[in-house]
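Trainee: Make the full structure from the sequences, and use the hints.
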Amino acid sequence: MRRKTTRQIAPKTLPLAQLIKTASAQGQTPAAPQRTAGRLRQRSGVWHLESAGHSIRLIADGADAAARLTHGALVEVLGTLDAAHDADGKSPAFTVESLGIVHLPLTQEPALSAQRQRSLAEAVQLRAHANRRIRAFFDARDFVEVETPNWVEAAGTDVHLSPVNASFQDPHRPAEEAIRGDLHTSPEFSMKRLLAGGLERIWQMSKVWRNGEITPLHNPEFTLLEWYRAWEDLDAIIQDVEDLSRALIGEVARIGEREISLEAPFLRMTMQEVIEAACGFDILEATDFDALLAVCAERELLSEHSLNRARQTRRWDELFFELQIGYIDPFLDAQGPVFVTEWPTPLAVLARTKPEDPRVAQRFELYIGGVELANGFQELTDPKEQRARFEADLATRQAAGLPLPAMPERFLESLEWGLPPSSGVAVGVDRYLMLKSGAQNIKEVAPFAMGRDLETGKAQWS
20 MRRKTTRQIA PKTLPLAQLI KTASAQGQTP AAPQRTAGRL RQRSGVWHLE SAGHSIRLIA
80 DGADAAARLT HGALVEVLGT LDAAHDADGK SPAFTVESLG IVHLPLTQEP ALSAQRQRSL
140 AEAVQLRAHA NRRIRAFFDA RDFVEVETPN WVEAAGTDVH LSPVNASFQD PHRPAEEAIR
200 GDLHTSPEFS MKRLLAGGLE RIWQMSKVWR NGEITPLHNP EFTLLEWYRA WEDLDAIIQD
260 VEDLSRALIG EVARIGEREI SLEAPFLRMT MQEVIEAACG FDILEATDFD ALLAVCAERE
320 LLSEHSLNRA RQTRRWDELF FELQIGYIDP FLDAQGPVFV TEWPTPLAVL ARTKPEDPRV
380 AQRFELYIGG VELANGFQEL TDPKEQRARF EADLATRQAA GLPLPAMPER FLESLEWGLP
440 PSSGVAVGVD RYLMLKSGAQ NIKEVAPFAM GRDLETGKAQ WS
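Basically the working numbering = 1-based index in the sequence shown + 19.
These aren't lab readings, by the way, just hints derived from the structure by calculation.
Every clue listed holds true.
No farther apart than 27 Å at their CA atoms in a straight line, the calculated lysine-lysine pairs in the DSSO-like style are these: (1) K455 x K226; (2) K455 x K40; (3) K109 x K40; (4) K226 x K477.
Label-pair distances were calculated between CB atoms; the ranges are: (5) K31 x E195: 53 to 63 Å; (6) S43 x H148: 16 to 26 Å; (7) D309 x D472: 41 to 51 Å.
As the structure is a prediction and not an experimental result, all values here were calculated from the model.
Glycine included, every Cβ here is placed at the ideal spot set by N, Cα and C.
Mentor: Next up, the structure:
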């Protein structure tokens, strides 16, 4: 009679995070060897196995395993995790019985890995956690998540935004039949078309593109969260933003080592109050170019160079942005979380004016530690007024020698059909992640963000 033999089944490979979690929960070293995998790294003479932001220290049990340790290699290891060794705050220790090479690096470690490999996994996890929070937030408030095209016929006329152009060309058709469009700078026009079509509470998180913006707070491609409430006023949206800010950031926002409490109700100031405090004059008495130029000169708020340049362009908005950089932003930086409401009408092309004061637009922005996070409107629904504002934008662009984008006719048609009274807002998700993590550059939370060459200043891919 043939004797039966028992074949030993090798342990399955556990994700490193699961291995650490299981050992920590049990509070003791597992009785049987376990298998896990990751990338080898040597730091300060100590070997580590890393995967998805988790790390364990490796103790080679035998010459064969020690000889196979290679920095950057992808490996599978069999051994025992000593749960007791993480009590000193160091990574848990893993005694290696055997090690299998999955892949040896064929080149030097790329810059992305060398400089930011550990933060890469943390950034991905941070974003995934935020995405879950965002969906839960809107599900709890009976919003409908929507998707609209990233590639659009007309991205808008905003003088201060430059879209990334994109074209479609059928290789089997004449070149003159190419369809030209833009990568959207915001899903706003498409989402308002959905409101006109009968939807009421909608939200969307999408990638958007804005040409030429690369700074610690700007990347040409970034994530924008936008939502709308039909038949509801701006106060409802402002409360949404305050609640979401705490849901995403917590009770304390961080900018580097600086901490900003979010526990108390957020401060609200009108832009009139902000400029009175920061610059010492009433902006609503200077909503035309000559009046604002005169007060800036009289109070010596701007340099003679800036004043002379403004006299040439005669653009009210450029004078305002000079004041914003020099006075308004530093003032807001010192306020903690603050909603700035009731903006001067020249700064709100898509917002309704205040019925009792046409100098004021029903617009707000949220600032935390001087960082702009949200931009919201009581939406303009008058198609004639909206077209006139777009035409004024195009005239300003033409005078400045800027490209002339297409008029967003399909959006205007939806206004003619009828957009219900609505409020809406757009918030920068990447900036929320920065305030959650303490990051001071968008590249820390968006690992593939573009950068600039330190010597030449030229834009470059990550």
